[in-house]
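Combine the two chains into a complex, taking the hints into account.
Chains A and B, in that order, are what the protein sequence lines are.
Counting from 1, one number per residue, gives the positions in the first sequence under my numbering.
Counting from 278, one number per residue, gives the positions in the second sequence under my numbering.
Read the hints as simulated data drawn from the structure, not as lab findings.
One or more of the hints may lead you astray.
Said to hold, decoys possible - Okay, the calculated beta carbon distance ranges per label pair:
#1 B:A424 / A:T71: 26 to 32 Å
#2 B:P427 / A:T249: 50 to 56 Å
#3 B:G285 / A:A14: 48 to 54 Å
#4 A:V189 / B:H364: 49 to 55 Å
#5 B:P446 / A:T71: 31 to 37 Å
To be verified - If you want the footprint, here are the derived chain B segments under chain A, 3+ residues with CB under 8 Å:
#6 323–332
#7 343–355
#8 386–399
#9 419–425
#10 438–445
#11 456–462
To be verified - Counterexamples of contact, computed for chain B against chain A with all Cβ distances above 10 Å:
#12 E312
#13 F315
#14 D363
#15 H364
#16 E434
#17 E451
C-beta atoms are modelled at their ideal positions from N, C-alpha and C, and glycine is treated no differently.
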Amino acid sequence: MSLAEQAHSPQTAAAPESLLASPDMPSQREINAEIAEVQAAAAARAARGEAVPFTLYDFAPYRSSVLRHPTKNPRLVDPESIELWSPAYGQRDVAAIEADLTLQHSGEPLGERITVTGRVLDSWGRPLRNQLVEIWQANSAGRYIHQRDQHPAPLDPNFTGAGRTVTNDDGEYFFTTIKPGPYPWKNHVNAWRPAHIHFSVFGSAFTQRIITQMYFPGDPLFALDPIYQSIRQQKDRDRLVSTYDHDLTVPEFSMGYRWDIVVDGPDATWFESEGKH
Amino acid sequence: MSANETLGEKTLEPSPGQTIGPFYAFGLEYPKMHEVAFPHSPGAIVLGGIVYDGAGAPIPDACVEIWGADADGTISRARGSRRRDDHTFTGFGRAFTNDEGRYEFWTRNPGAADGKAPFFATLVFARGLPNKLHTRIYLPEDEARLAADPLLSSLTEDERATLIAQRTPEGYLEHDIHLQGERETVFIAF
Numbered sequence: 001m002s003l004a005e006q007a008h009s010p011q012t013a014a015a016p017e018s019l020l021a022s023p024d025m026p027s028q029r030e031i032n033a034e035i036a037e038v039q040a041a042a043a044a045r046a047a048r049g050e051a052v053p054f055t056l057y058d059f060a061p062y063r064s065s066v067l068r069h070p071t072k073n074p075r076l077v078d079p080e081s082i083e084l085w086s087p088a089y090g091q092r093d094v095a096a097i098e099a100d101l102t103l104q105h106s107g108e109p110l111g112e113r114i115t116v117t118g119r120v121l122d123s124w125g126r127p128l129r130n131q132l133v134e135i136w137q138a139n140s141a142g143r144y145i146h147q148r149d150q151h152p153a154p155l156d157p158n159f160t161g162a163g164r165t166v167t168n169d170d171g172e173y174f175f176t177t178i179k180p181g182p183y184p185w186k187n188h189v190n191a192w193r194p195a196h197i198h199f200s201v202f203g204s205a206f207t208q209r210i211i212t213q214m215y216f217p218g219d220p221l222f223a224l225d226p227i228y229q230s231i232r233q234q235k236d237r238d239r240l241v242s243t244y245d246h247d248l249t250v251p252e253f254s255m256g257y258r259w260d261i262v263v264d265g266p267d268a269t270w271f272e273s274e275g276k277h
Numbered sequence: 278m279s280a281n282e283t284l285g286e287k288t289l290e291p292s293p294g295q296t297i298g299p300f301y302a303f304g305l306e307y308p309k310m311h312e313v314a315f316p317h318s319p320g321a322i323v324l325g326g327i328v329y330d331g332a333g334a335p336i337p338d339a340c341v342e343i344w345g346a347d348a349d350g351t352i353s354r355a356r357g358s359r360r361r362d363d364h365t366f367t368g369f370g371r372a373f374t375n376d377e378g379r380y381e382f383w384t385r386n387p388g389a390a391d392g393k394a395p396f397f398a399t400l401v402f403a404r405g406l407p408n409k410l411h412t413r414i415y416l417p418e419d420e421a422r423l424a425a426d427p428l429l430s431s432l433t434e435d436e437r438a439t440l441i442a443q444r445t446p447e448g449y450l451e452h453d454i455h456l457q458g459e460r461e462t463v464f465i466a467f
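Chain B extracted, bound-state conformation (with noise of 0.2 Å):
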């Protein structure tokens, strides 16, 4: 069923987005707002990367975003993203990149949804960056889901590499994102 079927014609234009700008933490600092499961929970695992600009040098003016599902594929109606408990999974982080452009999270492995090959939302924002960017890190292992993937399989293995993470020996996640450049990371609309 369409949007338009169920609502109608849109009635409002968007406000429009602007850039984080270079004071945000201030703003939307909050305690352990990276820790989406607590890390010393079972399953707890580190997702990490560093976010690079168009010449290869770390941007550590970057704030990331991640939304995902539990590890069962549910996804989380739980409130507490902002106060952490301690043991409930939320699904929702925010990290901020630190002086070498490296922004880190505690979380779990997305499980599969409908089927589909799991992922995190995944958002950036930065100083210099005039708006959002809307991302997706993929878990590398299931390869079956990942080559149904509607968007993984639209582009070349470059563009695809960008959006699959790649397991450590210890089992977390490793992932850069990469703002401009050869290695630029396929960002997405909706």
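Just chain A, with the same shape it has in the complex (with noise of 0.2 Å):
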């Protein structure tokens, strides 16, 4: 086996921080182009009767996606009981000051401070409380604090932006961190991404888990962002998008912004019946 076979046997894995750049670097109109594309093709699928999901999983313009998604449809199982339920949380999970990504560090972060909130619901509109809530996002200058981002972007010594939290009774939380910056990802030449949060949500049913980003209204990146254009309608993209709301503004404070987030399902054909467990 040569040096060349060699770093790419199987057994090699290759060096994370050497797979963020695309092999093929195109230019961001080639991106456009094979973005529309791919949307038209599975709007004719659904046309057909098909069941395609929200998000795309074959979605070339997302390069890394290439040979990191299915090619088979998924199985429609009917949930087995382990599946209609999820790991128990509690409000002593996590501390009160954990969902202040402003107060982790000795100085205030650099940025606009803004709050988030919003409610997790299920997709009958009731309230879900007792969920965890996590999210991760880049600085101000648009920068995370990770050994694999490059972006020469200052880091802030006073921001991480990991946060998290769990709802209450009416299936609100409620962050306080600093308006995350677009960031710059080698997907494509010039590749920026709007400005996001992630977010991570357990649901009560495991079908129910969901990791998303939300996003910022009126963001100008959105039609050239191969990752927000990988769910395949505008009207499912809008609605990761929060809105900015002038009554959780705080004066001289902080920009609200809201946004609520809703588990799917599950489309089972049954439920067992509550206290067996």
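As structure tokens, this is what we get:
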């Protein structure tokens, strides 16, 4: 085996940071054309009655997905008992201060201070209480505190960018943080992610588990971003965009954004009666 | 009873999922997150494997989560998945793949619930994977129950093999996950 072959042998993992840039570095114009083409094909499949997911797994404009998406449709199954439950969390699992990302260091972080609030709901509009909500984000300069982030923007010694909370009895969560900056990511030439906060939520059934991203209204990068555009329809993409809420804006202190998270289903054919476990 | 009969029509559209991205570690990591069972407790086993891409290369930036019943088949309602106390079994664990694409949990063999084949409900997230993937990791032993399982019995032999873990001589479980390729894991939707 030659050295070159060894380097690509299945036993040897590539250095993770070497995987971040796409191999072909297309232009934004080429990426835009690919996005339009894949979304049109998905719309045609849906129009023929095919069940096409909101988020497309096979979405080549997002270059690192090419070898990482399944090629077969998922098998539709009836959830078993374990899948209709989810891990139990409670208020004691996180400290209140973990919901304020501006208080984690000795000084104040730089950037636009914001509050982000909303509810975790199920498909029937019922609030989900005691839900663990985990978030992570870049700082105001668009830099992540991660060894693999090579973006030459400054780190902020007063900002880490990770927080968590547990929803209250009305399913509400509250975070105080800094508005993240856009972030360059080498998917193609001059590729920039719209500002976003990553959200992770469990739901009351494991089938409802969701990791997604919250965006800010009016971002000029939406149309150019293959990750945002991996959601094939505008009406579904819109649900990941928070709304500016002036009533949440605190005078002389912070700007307010509101965003509800709706967990899906499950479309169970039956529900097990409560109290057995 | 159908969900629709119980609750009526759904009134809200779900939030679409997105990729976990490359930099999730500092947001999702917590101490002992892969210790579903305390490593030195009776019945504790390692469940581990490698996550592969479509070219057969290990994926060093994936996150695997498992959620399973306790050894007697009961589903834990105990809190503490995020703050381990080293004795409570909560059923949930999270593991990031290392630079060789490998994930590992300390956990217990789930027992059969409702007389059905036991499995770990499993989720995979990764940079480059646009949304979550659900799958199952079944225990290999109980052939009668495996044969009666509605999902497994709908699959070909090759597909079925992607969902059943292998028992190692020391009693641990080994289970690779292939996001794509000839041995592509069977993923599920509900």
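A quick look at each hint next to the structure:
1. B:A424 / A:T71: 26 to 32 Å: 28 Å, holds
2. B:P427 / A:T249: 50 to 56 Å: Because 52 Å falls inside the window, the suggested range holds.
3. B:G285 / A:A14: 48 to 54 Å: Cβ of G285 of chain B to Cβ of A14 of chain A: about 50 Å, so the range 48 to 54 Å holds.
4. A:V189 / B:H364: 49 to 55 Å: The hint (49 to 55 Å, Cβ to Cβ) holds, given that V189 of chain A and H364 of chain B are roughly 54 Å apart.
5. B:P446 / A:T71: 31 to 37 Å: Given range 31 to 37 Å: holds, Cβ gap about 34 Å.
6. 323–332: Answer holds; 4 residues pass the 8 Å Cβ test.
7. 343–355: Holds: 8 residues of the segment 343–355 of chain B have a Cβ under 8 Å from chain A.
8. 386–399: Coverage by chain A holds for the segment 386–399 of chain B (6 residues, Cβ < 8 Å).
9. 419–425: With 0 residues closer than 8 Å to chain A, the segment 419–425 of chain B misses the three-residue bar; violated.
10. 438–445: violated (count 0)
11. 456–462: holds (count 4)
12. E312: 14 Å, holds
13. F315: 17 Å, holds
14. D363: 16 Å, holds
15. H364: Holds, since 16 Å exceeds 10 Å.
16. E434: Non-interface label on E434 of chain B holds, nearest chain A Cβ at 15 Å vs cutoff 10 Å.
17. E451: 16 Å, holds
Violated hints, in rising order: 9, 10; the structure is consistent with all others.
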